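Going down the list, the protein sequences come from chains A and B. Residues in the first sequence are numbered consecutively from 1, following this note's numbering. Residues in the second sequence are numbered consecutively from 1, following this note's numbering.
What the hints contain is simulated information worked out from the structure, not anything from laboratory work. A quick note: this is a predicted structure, and the numbers were derived from the prediction, not measured. Glycine included, each C-beta is placed from N, C-alpha and C at the ideal position. Each hint should be verified, as a subset may be incorrect.
Stated by the list, open to error - Computed beta-carbon distance windows for the label pairs:
hint, chain 1, residue 1, chain 2, residue 2, range
1, A, K17, B, S5, 35 to 45 Å
2, B, Q60, A, K17, 38 to 48 Å
3, A, Q14, B, S83, 47 to 57 Å
4, A, N52, B, P40, 31 to 41 Å
5, B, S83, A, L50, 34 to 44 Å
6, B, P8, A, S51, 33 to 43 Å
7, B, S83, A, L71, 40 to 50 Å
8, B, K64, A, P39, 30 to 40 Å
9, B, E59, A, E5, 13 to 23 Å
10, B, W103, A, H75, 14 to 24 Å
11, B, K14, A, G59, 42 to 52 Å
12, B, P86, A, K3, 26 to 36 Å
13, A, G16, B, H7, 33 to 43 Å
Read off the chains here:
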Amino acid sequence: ELKVEQNPLFLSMQEGKNYTIYCNYSTTSDRLYWYRQDPGKSLESLFVLLSNGAVKQEGRLMASLDTKARLSTLHITAAVHDLSATYFCAVDPAGSQGNLIFGKGTKLSVKP
Amino acid sequence: GAVVSQHPSRVICKSGTSVKIECRSLDFQATTMFWYRQFPKQSLMLMATSNEGSKATYEQGVEKDKFLINHASLTLSTLTVTSAHPEDSSFYICSARDPLVGWSYTFGSGTRLTVV
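Generate the whole structure from the sequences, applying the supplied hints.
Here it is, written out as structure tokens:
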């Protein structure tokens, strides 16, 4: 059974601090996606990682992918309150019909 | 970029009635669309894969007679929740993949369904 595991599931941070969210998956995949979801809203695409060693950065967020370890990370630098949201990673399994398999999400709360 | 329009954004219906949710790809043709359901404070669960011109593929445990999916054109897929019950209340989100950019998935804005 394909599993996508995120940790932590809940993260309370102080503004200005750094932290990393981890996403492990159990199947072969070269595509890993990170999304942000605000309460009551749909998903906002953050990053698409398409190959081993891929690293992408946007503002205070940086994502990386290690396909050999089946691990992706989302690193938060100098957190600000606006980053408070739920973050999901999702995997596009090799050979699938194309549907994404989602992790349980990490609810991030950034406090002043 | 690719845009997927989903309507309605919110709907309240009475128990026993049916509700139709539309998902349109606005600037690309989507041969495949996906329907997800999200319960409060939970992740997205794939309900079914919708293929243009053919029957949808449902995930295990999803009643195909209750959640009717029609993908009649390359830009429109619909999900009809038939004989809705309060336990069907959820956030439904569609997604479409641009076949010209195989790795690109675009999500609709979601539909909050409340069955009373």
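For each hint, the structure was consulted:
1. Distance hint check: the CB atoms of K17 of chain A and S5 of chain B are about 38 Å apart, consistent with the given range 35 to 45 Å.
2. Between Q60 of chain B and K17 of chain A the C-beta distance comes to about 41 Å, which sits within the given range of 38 to 48 Å.
3. Separation of Q14 of chain A from S83 of chain B is about 49 Å and conforms to the stated range, judged on CB atoms against 47 to 57 Å.
4. For N52 of chain A and P40 of chain B, the Cβ-Cβ distance of about 36 Å falls inside the hinted range of 31 to 41 Å, so the restraint holds.
5. At about 42 Å, the beta-carbon gap between S83 of chain B and L50 of chain A stays in the expected band of 34 to 44 Å.
6. The hint said 33 to 43 Å for the Cβ distance between P8 of chain B and S51 of chain A, and at roughly 39 Å that hint holds.
7. Distance hint check: the CB atoms of S83 of chain B and L71 of chain A are about 44 Å apart, consistent with the given range 40 to 50 Å.
8. Between K64 of chain B and P39 of chain A the C-beta distance comes to about 31 Å, which sits within the given range of 30 to 40 Å.
9. Restraint check, E59 of chain B to E5 of chain A: a C-beta distance of roughly 19 Å satisfies the suggested window 13 to 23 Å.
10. Taking the beta carbon of each, W103 of chain B and H75 of chain A are about 22 Å apart, inside 14 to 24 Å as hinted.
11. At about 45 Å, the CB distance of K14 of chain B to G59 of chain A agrees with the hint of 42 to 52 Å.
12. At about 31 Å, the CB distance of P86 of chain B to K3 of chain A agrees with the hint of 26 to 36 Å.
13. Between G16 of chain A and H7 of chain B the beta carbons are some 41 Å apart, a value that agrees with the proposed interval 33 to 43 Å.
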